[in-house]
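Trainee: Chain residues, written in single-letter form:
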Amino acid sequence: MDTDSLNTKYLVSFQQLRGDVPICIADVEVQDWLRIAQAVRAEGGVLISLWGTDRRTSNDLYIVSVVFCVAEGLFWLRLPVDEQKGYPDLSNIFPAAMRMQRALFDLLGIGASGADDIRPWINHGRWPKDYFPLRNQFSGLEQFDNQLEFYPFVSVEGDGVHEIAVGPIHAGIIEPGHFRFSIVGEKVLRLEELFGYTHKGVEKLFTQRTLSNGHQLAGRISGDSTVAYSWAYCMAVEGITGCQIPIRAQWLRALLLERERVSMHLLDLGALGNDAGLAFGLTQFSLLREKWVRLNDKLFGHRFMMDCIIPGGTSIDIDETGFDLLLKQCMGIEKEVKTLRDIYAEHSGLQDRFFNLGRVPPNLAEQLGLCGMAGRASDQARDARTDQATPPSAYAQLKVRKAGHISGDVASRVFVRFEEIFESIRLLREIVKLMPSGATSIPVADSSVGGFGAGWVEGWRGPIFVAIEAGAQGEIIRCHCHDPSWQNWPILQHAILGDIVPDFPIINKSFNLSYSGHDL
Amino acid sequence: MWKILKQIIHVGLPTEATPEANEVWRTEVEQIQAEILQILGRALCIREVDAGSCNACELEIQALGNPIYNVEGLGIKFVASPRHADMLLVTGPVTKNMEAAIMYAFDAMPDPKLVVALGECACTGGVFGENYATCGRVSNILPVNVTIPGCPPKPIDILRGILAAVSPIN
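Protein sequences, first through last, are from chains A and B.
Residues 1 to 520 (the numbering used here) are what the first sequence spells out, left to right.
Residues 1 to 170 (the numbering used here) are what the second sequence spells out, left to right.
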C-alpha cells in the first residue's frame, strides 16, 4: 500500500499496519474529520465502520475511530474526543454513520455533535442512561432493574394511515427485531426498524479476553458467518503479533469461507422460493444444504465449521480422501443447482413475485452505501476477495469473478446468489487443485505485544471488518467487530417503499441481514 | 379413455405385500422419529424464540424441517403464536432487551407448557454469561424442563431433546 500518495491526498501522516489487510492508520485532528470524509465521498470511497474507545488512562481522552475504503485500500482515522464537545456528525456525508453513532453513544457516552437523530439505539432502557459499558470504570458485570422504555417511532399521519408493529418475536424461526410499518391499505408508506434486542455486551466481553482466545467469541457474533468472523479476528491478531501463517492455512481458510458462502446461499434460495409460494424450492434446497453441512461435519468436525480458524492458522486439515469427497459433492450439488435455477427461471409465479420487488436502484445503493452481495445486485461492484486481495491471501491467486446485476430487485439478488454458488464451486475446485502442502498452523509468535490490527473478509453477506487495539501485555483494549448489516439494514427501509406488506418477508429474506452481528 | 381403463383392469394390482421391517437397518433418525410418533401420536406445537442467540441454533432448528428430518411429518409444528404452543423452545443467553418479550410469550401459552433451553448459551450462558446486557441461561428467568447442549446442537440432538421433553419420566 502506497502511504505516501495517501499522505499527499489527505494531508495526514499514515502508517501502514502489519498483516494481510491493505490498511493504514493515522491520528487526526477535529478539522481533518469532515474534510477527509468529504474527500472520500467525492472520490467514490465508502464508510466501513465507526466506533469509540475509552483511552482516558493513556491520554485522558476518548478516541473515535472511523474506517474508510478507497481504491488504494482501507484507512483508519483516530480522533481524540472530549466528552462534552463530541465529534463532528458524519451522517450527512455517509448516511450509514447514523446508527453507528447512536450505538457509539449508547455504549461509550460520546455523541456526534449536530446529528439529527439522537434517540437511543442499543439501550432500550434496561440499564441507566448514564451507564456506558465501554467506559473503563465499569466491569460490564453490573446488574440493573430498570424497565424497558418507550421508543419514539416516527409516526406517519394522514387519511387512512395506520401502523403494523412486528416483533421483536417474529413468526418464523428467525432472530428478533422490531419492524414498524406505516401503511395505507396494503401499501407501505414507511418502515422503521428497531434493533438491539440481541445485544449481549460482546464488545465489553472482548476486553476480558486475550488475543489468543478471542476467536471463540468472534466466531459466535453471527453464527451464519462464523468462518468469516473468526478469520477476520485472527487476521487482526496475526497483524498485531506479526505472525505469518503457513501458506496452506491461507488456502484452507479460503476453502472454509467458500463452503460457508455456498451453504448460506443454498439456504436462502430455498427460503425465497418458499416465501413466494413454491414450497418445492425449500424442500429441494434445504436437502442440498443438509448434505453440504454434513460434509462439513465429516471433514472438519463441525457442521458450520466453528472454531476451525484459530490464531496462527487452522485447527483442521484435509487429506486426499477429503478432497475426493469434496469434489464429488461439488459436482453433484452444481448439477442440482443448475436444474433448480432453470426451474426458478421458468416458474412464472416466482418470477412474477421476484421481479421489480424490493428495488434498490444503483443510484440509491451508491448514495446510501449498500454493500456486499446485495450491493453487487445493485451495481455496486465491490468484493473484498478481489478488490483487496494481496499475497499471501489465496484470493490473490484465485482471481474471483465478481457476480453482479444492475436491477437491484429481489430477482437480481436471487441471480447474484445463484452466480456466487457456481463461482464458489469453481473456486473450491481451484483450491483443491492448488492447495499447497505444509503445516496448517504455527504458534502465534508473540502474543504479548501491543498495537493495532485489522481483519477484512468478504463473508457471504458482505465484508466483515474487525479492528483490535491490544495493550503491551497482549490484552485486548478494544475489539470492534463490524457486520455489513449495519450498512444494509437502513436500506431495507427504502427497498420496501411502494411494495405491499405481504412482500416484506421475501424482500427481507433476499437480503437476509444479521441481527446478532449488528446488535453485538 | 376406455383403452386406458381396460389396460388398468387387465394389469390389476401388482403391488406385493410389504415386507417385515428390519429393525437392524433402522438409522438413529428413524428410531427417534418412531419414538416421537409413538408418544405424541398426533401433534406437538412449538413456539421457538431466539432470546439473543448468534443465529447458529436457529439454522439447526430450521434444518429440522428439511426432508431428511421432516419433523412436520411427525406432527411437530412450529407455530407463530405462543397461544397455540405446547412447548417454548428458547435459544441464546436471554438478553435484557428480550427478557420482557419472552416472559409475555411464556405467559400467553396455555397450560400445561414445556420449556426447552436449546444450545450452550441457553443452557449455561455460554461464552456470553451474565452481564449488564444478558440474564444468562434460560433457567435464570423461566422454569426449564429440558436442556439441549451443543454449540449449536445438531438436528438429531434437537430431536433427542424434544423427545426427552415429551417422554414420561422413567
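Treat the hints with caution; some may be incorrect.
Unchecked claim - Not the full set, but computed from the structure, chain A residues with beta-carbon under 8 Å of chain B: (1) G140; (2) E175; (3) Y197; (4) R220.
As the list claims (entries may be wrong) - Facing chain A, from chain B, some residues (calculated, C-beta under 7 Å): (5) D50; (6) E58; (7) I61; (8) Q62; (9) P67; (10) N70; (11) G73; (12) T95; (13) G136; (14) S139; (15) G150.
As the list claims (entries may be wrong) - Once the Cα atoms are required to be at most 30 Å apart in a straight line, the calculated DSSO-like pairs of lysine-lysine come out as: (16) K335/A with K433/A; (17) K328/A with K77/B; (18) K187/A with K291/A; (19) K154/B with K113/B; (20) K338/A with K154/B; (21) K77/B with K433/A; (22) K298/A with K154/B; (23) K433/A with K402/A; (24) K335/A with K154/B; (25) K291/A with K113/B; (26) K187/A with K85/A; (27) K399/A with K335/A; (28) K328/A with K291/A; (29) K291/A with K433/A; (30) K399/A with K433/A; (31) K113/B with K77/B; (32) K9/A with K85/A; (33) K298/A with K433/A.
Calculated from the structure, these hints are not laboratory results.
None of these values were measured; they are calculated from a predicted model.
Built from N, CA and C at the ideal position, the CB exists for glycine as well.
Trainee: Each hint should be assessed against the structure and marked as holding or not.
Mentor: Do the hints match the structure? See the list:
no.	hint	verdict
1	G140	holds, 5 Å
2	E175	holds, 5 Å
3	Y197	holds, 5 Å
4	R220	holds, 5 Å
5	D50	holds, 5 Å
6	E58	holds, 5 Å
7	I61	holds, 5 Å
8	Q62	holds, 5 Å
9	P67	holds, 5 Å
10	N70	violated, 10 Å
11	G73	violated, 12 Å
12	T95	holds, 6 Å
13	G136	violated, 10 Å
14	S139	violated, 17 Å
15	G150	violated, 10 Å
16	K335/A with K433/A	holds, 20 Å
17	K328/A with K77/B	violated, 35 Å
18	K187/A with K291/A	violated, 40 Å
19	K154/B with K113/B	holds, 24 Å
20	K338/A with K154/B	holds, 29 Å
21	K77/B with K433/A	violated, 45 Å
22	K298/A with K154/B	holds, 13 Å
23	K433/A with K402/A	holds, 21 Å
24	K335/A with K154/B	holds, 27 Å
25	K291/A with K113/B	violated, 34 Å
26	K187/A with K85/A	violated, 43 Å
27	K399/A with K335/A	holds, 23 Å
28	K328/A with K291/A	holds, 12 Å
29	K291/A with K433/A	holds, 23 Å
30	K399/A with K433/A	holds, 14 Å
31	K113/B with K77/B	holds, 15 Å
32	K9/A with K85/A	holds, 28 Å
33	K298/A with K433/A	holds, 21 Å
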